[in-house]
Amino acid sequence: MEEVKLKHREYCWKFGMSVFQEDEDKSNKVGTLGTGENNGNGVISNTCGVHGCKLKAMSLMRFCHINILSNSKQKLYKACSFAIKRKTNG
1 MEEVKLKHRE
11 YCWKFGMSVF
21 QEDEDKSNKV
31 GTLGTGENNG
41 NGVISNTCGV
51 HGCKLKAMSL
61 MRFCHINILS
71 NSKQKLYKAC
81 SFAIKRKTNG
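Read in order, the letters of the sequence shown are residues 1 to 90 in UniProt numbering.
Warning: the hint list may mix true and false statements.
Claimed, not checked - When the alpha-carbon atoms are kept at most 25 angstroms apart in a straight line, the in silico BS3-like pairs for lysine-lysine are as follows:
(1) Lys5 to Lys54
(2) Lys5 to Lys56
(3) Lys54 to Lys14
These are computed hints drawn from the structure, not numbers from a lab. Just so it is clear, the structure is predicted and the values come from calculations on it, not from any experiment.
Work out the full structure: start from the sequences and follow the hints.
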């Protein structure tokens with residue numbers, strides 16, 4: 001059962017939706033969502049565009065948050081210097 005859950009999670013990560021949602025959308029719409037196709041214009045990927053990075057890209061972006069912050073030329077984001085308190089046991 002764990003293997004099935006893992007395969008389902010990988011499918012949702014790769015194609016952006018569940019198999020069951022895809023079947024419902026086919027009956028309701030002309031196009032298919034979550035197939036990874038962009039009307040023949042290439043494959044859309046949810047992963048970061050930096051070679052070797054497997055993190056999920058931010059919404060409406062091609063890159064993950066870490067790689068956006070590592071680019072010195074970008075001006076939209078800056079790293080936060082706020083120190084996060086760690087919860088201590090006890």
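- [ ] Against the structure, test the hints numbered earlier, and report the numbers of the ones violated in rising order.
- [x] Of the numbered hints given earlier, the structure breaks none, since each of them holds.
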